[in-house]
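S.K.: Chain by chain, the residues:
There are 2 protein chains.
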Amino acid sequence: MYKLPIIIALATLGLSFSPAQAGDAAAGKIKAASCAACHGATGISANDMWPNLAGQKEGYLALQIKAFRDGTRKNPMMSPMAAGLSDADIDNLAAYYASLGK
Amino acid sequence: MYKLPIIIALATLGLSFSPAQAGDAAAGKIKAASCAACHGATGISANDMWPNLAGQKEGYLALQIKAFRDGTRKNPMMSPMAAGLSDADIDNLAAYYASLGK
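So the protein lines, in turn, are chains B and P.
Residue numbers for the first sequence, in the numbering used here: 971 to 1072.
Residue numbers for the second sequence, in the numbering used here: 971 to 1072.
None of these hints come from the bench; they were simulated from the model.
Honestly, I wouldn't trust all of these hints.
If chains are identical, the list can't say which one is meant, so a pair holds when it fits in one copy or spans any two.
[Claimed, not checked] Dumping the calculated SDA-like pairs for lysine to any residue here, alpha-carbon to alpha-carbon at most 20 Å:
no., residue 1, residue 2
1, Lys1036, Asp1018
2, Lys1036, Asn1017
3, Lys1044, Asp994
4, Lys1044, Ala996
5, Lys1044, Ser1069
6, Lys999, Ala1053
7, Lys999, Lys1044
8, Lys999, Asn1045
9, Lys999, Met1051
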């Protein structure tokens, strides 16, 4: 009965039903310049010990970069790389790497 | 001067210069049955919060599964999944997932 008015109201407020991660891949690409040395210019890593990021799940990428930043996942290289990133930076990076190789 | 005899000696002993991870992908495929519920039958995960494993670096995969097993990386789902795995199991799983999607 009341569903349609509610949907219209939400739409009017500009709310969407997309996933929580809605990063801007273009902004992420600019921010990714310092990631490329290890993770490759196209998200394919140069070393067997470093993960490929191209086409990885956006939500997973955001979760892991936040974990490095917040100290719940620790790595001598990634912890300092992630330390200065905002939530928006991280969502953008995740959107960028998730978009590669698709 | 002494390099060639040393290489011949190592070759005679059956030593190779391949990476430390030399898992058996076929054995890994059998062991991967319990991974598929989350990481997909072909290494493409069902959920945005879980990583794709298909085509990931073999060394990285082995390192991370060992980190879950040994407690240096913690996750409520992965820590118990990795707890019972031997080094050989892990190397085989890593070889299997690295081989997918290539």
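S.K.: Evaluate each hint against the coordinates.
M.R.: Checked hints:
no., hint, verdict
1, Lys1036 - Asp1018, "between (23 Å within a copy, 15 Å between copies)"
2, Lys1036 - Asn1017, "between (23 Å within a copy, 18 Å between copies)"
3, Lys1044 - Asp994, "neither (26 Å within a copy, 29 Å between copies)"
4, Lys1044 - Ala996, "neither (28 Å within a copy, 32 Å between copies)"
5, Lys1044 - Ser1069, "neither (26 Å within a copy, 27 Å between copies)"
6, Lys999 - Ala1053, "within (18 Å within a copy, 37 Å between copies)"
7, Lys999 - Lys1044, "neither (24 Å within a copy, 29 Å between copies)"
8, Lys999 - Asn1045, "neither (23 Å within a copy, 29 Å between copies)"
9, Lys999 - Met1051, "within (16 Å within a copy, 35 Å between copies)"
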